[in-house]
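Enquirer: Protein chains in written order, with the UniProt record's numbering: chain A, 1 to 300; chain B, 1 to 376.
Derived by calculation from the structure, the hints in this document are not laboratory data. Source: prediction; values computed, not measured. Hints are not guaranteed to be accurate.
Keeping only pairs whose Cα atoms sit at most 20 Å apart, straight-line, the calculated DMTMM-like set for lysine to aspartate or glutamate is [claimed, not checked]: (1) 195(A) to 206(A); (2) 372(B) to 188(A); (3) 372(B) to 306(B); (4) 372(B) to 206(A); (5) 372(B) to 356(B); (6) 195(A) to 216(A); (7) 195(A) to 365(B); (8) 372(B) to 216(A); (9) 372(B) to 201(A); (10) 195(A) to 373(B); (11) 42(A) to 24(A); (12) 195(A) to 272(A).
Chain B stretches covered by chain A per the calculated footprint, using a threshold of three residues with CB under 8 Å from any CB of chain A [unchecked claim]: (13) 269-280; (14) 287-295; (15) 354-364.
Facing chain B, a subset of chain A residues (Cβ under 10 Å, in silico) [said to hold, decoys possible]: (16) 1; (17) 5; (18) 191; (19) 195; (20) 214; (21) 216; (22) 218; (23) 223; (24) 230; (25) 233; (26) 241; (27) 245; (28) 291.
We treat Cβ as the ideally placed atom computed from N, Cα and C, and that holds for glycine.
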Amino acid sequence: MRFALSAEHRDFATSLHAYLAGADTPGAARAWAHGRHEPGLKVLRGLAELGVPALLIDEAHGGLGAGPVDLVVAFEALGYHAVPGPLVETAAVAPAALTGAAAERWLPSLAAGEAFATVPVPLALDADIAAVVVGAEVVGQPELVRSIDPTRRLFRVDAPPLTGGRAFDLGVLAVAAQLLGAGRWLLDAAVAYAKQRSQYDRLIGEYQAIRHLLADVVTHLELARPLVHAAAVTASPQDISAAKVKAGDAAYLAARTALQVHGAIGYTAGHDLGLRLTKVRALAGAWGDSGFHRERVLAR
Amino acid sequence: MDLDIDAESVAFRDEVREWLAAHVPTLPSMDTAEGFAAHREWEAQLADARLSVVSWPREYGGRDASLLQWVLFEEEYYAARAPGRVSQNGIFMLGPTLFAHGTQEQRDRILPAMARGEQVWAQAWSEPEAGSDIAALRSSAVRTEGGWLLSGQKTWSSRAAFADRAFGLFRTDPGERRHRGLTYLMFDLRAEGVTVRPIPQLDGEPGFAEIFLDNVFVPDADVIGEPGQGWRVAMTTANNERGLSLRSPGRFLAAANRLVDLWRSAGEPAASRDRVADAWIGARAYQLYTFGTVSRLAEGGELGPESSVNKLFWSHLDLGLHDTALDILGPHAETDRAWVEGYLFSLAGPIYGGTDQIQRNTIAERLLGLPKEARR
Ligand SMILES: Cc1cc2nc3c(=O)[nH]c(=O)nc-3n(C[C@H](O)[C@H](O)[C@H](O)COP(=O)(O)OP(=O)(O)OC[C@H]3O[C@@H](n4cnc5c(N)ncnc54)[C@H](O)[C@@H]3O)c2cc1C
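With the rest of the complex left out, here is chain B (with noise of 0.2 Å):
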């Protein structure tokens, strides 16, 4: 049992460290047309320098990095305050799922212009009736020559508002009930038929939206795996959702570390001590976490229910992190821009990507083998 790095990662950590250093801008934020605009051509200036997209193929765009590599990179990114990504739907979802499902015509066509930030994709899953109970959704798509007619109702998607493109589930044989009859579909958000209407979050921002589809065409090629077989593809994405988590550990020991920066520079108040040192043993024990699950999977292993694990462990370390620097920051808390950002992402970290119930939940069933709850 070691936690040595091999010299070839090492040197590609150097590298990314140098990189990042002379190149990290500070954007506005990616909620706005504006800092869209820019978050796009940060994605695009990283993939002049194969940093966008580090583990892909090459052929993509990628680097054929390891995992324990992409881990590295991430603590980097975090650890140099580099913008968040707004092409990260993309990359971490849409495009694994490619990967495992999609065909050679559709990852030339789209993985490339992913990675550039040419294309931006957004997550078009949620549905006013379907929200933690997916299987549940009502959008249907509706045979028609050369291709499938979409309709119904997205919600809560984001990054939706100045996304370019969206994928999602959508209903195709109306006598099937939930997990059946259902189709991955890609789709344009200019298309004729789409409706994209902004739904400003707690600061104000249009960080997700609403999308209306009414008839929208969607050629077959459009279509990621067997029609029929979307649930199957889907669960690939939401692994992908969870296993994004795996991205997360720099981000919150760069945070931490940054939180026990702070409390040193309001002269160590006692009364949050130990919150602090919670705050950093939690990221500490995450990154680690982390880098048990890259040993395990370098050997073979799979991600399984523990990604659940994860989810639940690292939003409550990061809700637990900021409520503590907004804290120690006392009557300054309310107008420190980056925490108080930080803490409004982090207050959602419980409800998006499977709540905390669903995550303990799978947990309990999957994990400890607990019978499941009786359902009507």
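For reference, chain A alone in the conformation it holds in the complex (with noise of 0.2 Å):
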């Protein structure tokens, strides 16, 4: 047993913090939820310049042929930055859904970052700019439904929603590392504010009803990730439904206490903390709640 990230998943985790910390993420993201998609798309070619959303496409249809804890570890670093874009759908989902000639047709154009796909779960992120939608014949004319998170652009679509099997369950594993992502920039932006804000002559990172909070967030974090790890690994709905539920319980905490700990500045649209508070409160109710999750975690 050797329960860890190989050299190389740490490696390919690196370069894609490195690529995103210099992209402008937040900018896009901001574009993105006005319609604005160009910045964006510019931080997705570049993704799919490191790779990511061939990852789990097999080698014949110009894919990567990797797996899901490549998939895990891409998506953490993607919830870290709250890159914009239906990269669940495309990267996770649609590498198991796509098969025969729909595979033939577009496998190769997304795992290039030229197309991407979404997936009605039941609603369609980023309907408009896909080139596909799994389970369904065109895109037609999609109607936008405003989310709590203004970066996650919602379609109805006229397709069946997708509520289990393999490609359900790897989209419901990418969101889990996304949220695990998510939570851990939401705990190192409350952790350095910490150690920079003063108030009555003190950091506040001193004052234990501060310190306490934030050991809570490490915790429940550090405890998520291996969840997410070992869906990954024995890719049992049991394991991938554990990883969800816990890592939205971390990533909500973390989310609830970075707001608390900034103070009103974690309030404003202006700061990035918002980028990650809504998209992991919207995450939490996506792809299958955590009522339903806890259900699958029990079924035996």
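Hey, can you piece these two chains together into the complex? The hints should help.
Expert: What follows is the structure, given as structure tokens:
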């Protein structure tokens, strides 16, 4: 047993972080929220060069033939940097959902980052830029529905929702990893702020009321990560659901705590905290809410 | 990254499972005289099968088992509902301290008897005025010919009511303050000058005790490490106490599985579904977290402040798990011996071995690098 990321996985994460840290992802996310896709698409093209959408696509279709562990490594980084766009759908779900002629037709361009897929779960993220809707014949004229997270542009599409199976599970896994990454960013931001903000002549990080909140957050995030990694290794629906529930809860705790630690500044649209807070809240309910996944954990 | 278990470890696990299935007894509580004696015998039986200290070297009754094998052993142990370990303070705290700081003579004299349950050890660490702030301890050891004379009072010492010997810290240099001038000593609980006064716990049984020391003689041979260096030696023990929680994944997963069974047999009440699921998820997370730690340690990593993460997490997990069980049992909760015992024990988790608040301070300072709180 070696239940730890390999050097290759760690290098992959490092290169993703290095790229995304310099890519102005918050700016891209804000533009995306207003339907201005170009800065975001630029970020996504960079990610395609690093192989992200190609990970689960087999080599015959122009992909990398990598596995779910690579996927969770990637999505943790995407969540950390609040990258917008239908990447769960394109990189995690489509490679398993598209078969036969659809695979021949779409996978090579998805792997290359030239096209995107979306999936009704039941709403479809970014259907306006997706070339293919899993389970539907044509994209048609989708109707935009406003999400709590403005960067999640959701659409009603005319296709049966995906609610189970391998493709769905891979989507859930990617979402769990994304939640973990967002949670980690929220923790890092709150810790950095607590080391720098003074009130009553003390750094707020000296106050136990603040320290103890943050200690709880890191504890829950640290315990959520192995569930996400194990779910990638075992692929069992039980582990995948456990990962979604725990990563969601830990990330939400991180979000609420980060907001509290920041005070009013965290409540502003200009602060990057909000980009994660609303996404975490949105993802907690999307891709099967906690009740659905707890049900699956107990189903034996 | 994988979760595969090598063939040798699988064989070891199978052997343990088989042996336990054939031998696990039901014993009375170890907090009674009768139960304590029965638990000693169980330790001897484990030792005969070379299962009492699997990770120790063979010469001391162990098997040189790897960390992973030890974790697997613990999982089997709890899944089989085997008795609590009456020797655990010795085996998991004093033992590792002796391996790190003891003399050859001390190891040869102490470890085999410990492994067989012939000598059961108590941890005499807390004092009335030194709880979380253990460096405030006052008990003293004064130099005398060939050894030391101990005086003072220790308290909350688990199993001391029936144990044989104890280990603890004593102030040997009254001029020094706090962490300095402390010495790590072992003493006999039946020596002249020792008074052990049992303290009943919530269930009424004497699970721990106060220890009064009045000029108790301890030979030089029972000093661990250098006199005056007790704090450094004690930190090994403290790490082991929290590291000891490495053993718990088995305990929690076994309990979580029993909780799921209980919930099923109660007709899957919707009101507790989420809490049951969360308890199982937490136990699985904890097991996997431990596998991660084991993998890291196997590659030469060290146990750092994440042992506080461990402690904080499992103490809440244990409490939540048992609370949920009692809620499912409803009117039968108060009389269900097994769940009640587990619940009462889980209540102490956030207190012993460093309280929740102390663990959070450690995590905040050592893992997150937050500034220390101003101290007077
Ligand atoms: C079942 C059980 C078994 C035990 N077994 C043993 C044993 O075998 N040997 C042994 O030596 N001891 C044992 N103990 C004692 C245990 O180690 C102590 O209870 C523990 O260290 C806390 O000390 P205290 O009880 O004096 O509480 P205190 O230290 O007085 O703490 C009281 C409260 O104040 C809080 N507090 C203290 N300092 C701080 C701080 N700096 N910041 C924030 N909050 C703080 C604590 O978290 C706690 O909530 C046992 C305890 C229990 C419950």
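Enquirer: Mind taking a look at whether chain A covers the region 354-364 of chain B? Criterion is 3 or more residues with CB to CB distance under 8 Å.
Expert: Contact hint for the region 354-364 of chain B vs chain A: holds, 6 residues under 8 Å.
Enquirer: Would you check whether residue 223(A) satisfies its interface hint, that is, whether its CB is within less than 10 Å of any CB in chain B?
Expert: 4 Å, holds
Enquirer: Is the Cα-Cα distance between residue 372(B) and residue 201(A) 20 Å or less?
Expert: 14 Å, holds
Enquirer: Is the Cα-Cα distance between residue 372(B) and residue 306(B) 20 Å or less?
Expert: Answer holds: residue 372(B) to residue 306(B) is near 18 Å, not above 20 Å.
Enquirer: What's the verdict on residue 195(A) and residue 206(A), does the C-alpha distance respect the 20 Å limit or exceed it?
Expert: Distance of about 8 Å is within 20 Å: holds.
Enquirer: Does residue 191(A) hold up as a contact with chain B if the rule is Cβ-Cβ below 10 Å?
Expert: Hint holds; residue 191(A) Cβ to chain B Cβ min 5 Å, cut 10 Å.
Enquirer: Please verify that hint: residue 245(A), Cβ, nearest Cβ of chain B, below 10 Å or not.
Expert: The hint holds - residue 245(A) has a Cβ within 10 Å of chain B, the shortest such distance being about 6 Å.
Enquirer: For the hint on residue 5(A), just tell me whether its beta-carbon gets within less than 10 Å of chain B.
Expert: 6 Å, holds
Enquirer: Do three or more residues from the region 269-280 of chain B put their C-beta atoms closer than 8 Å to C-beta atoms of chain A?
Expert: holds (count 6)
Enquirer: Regarding the hint that residue 216(A) lies at the interface with chain B, is the smallest CB-CB distance below 10 Å?
Expert: 7 Å, holds
Enquirer: Would you check whether residue 233(A) satisfies its interface hint, that is, whether its CB is within less than 10 Å of any CB in chain B?
Expert: 5 Å, holds
Enquirer: How about residue 218(A): closest beta carbon in chain B under 10 Å, or not?
Expert: 6 Å, holds
When the structure is compared with the earlier hints, no violation turns up for any of them.
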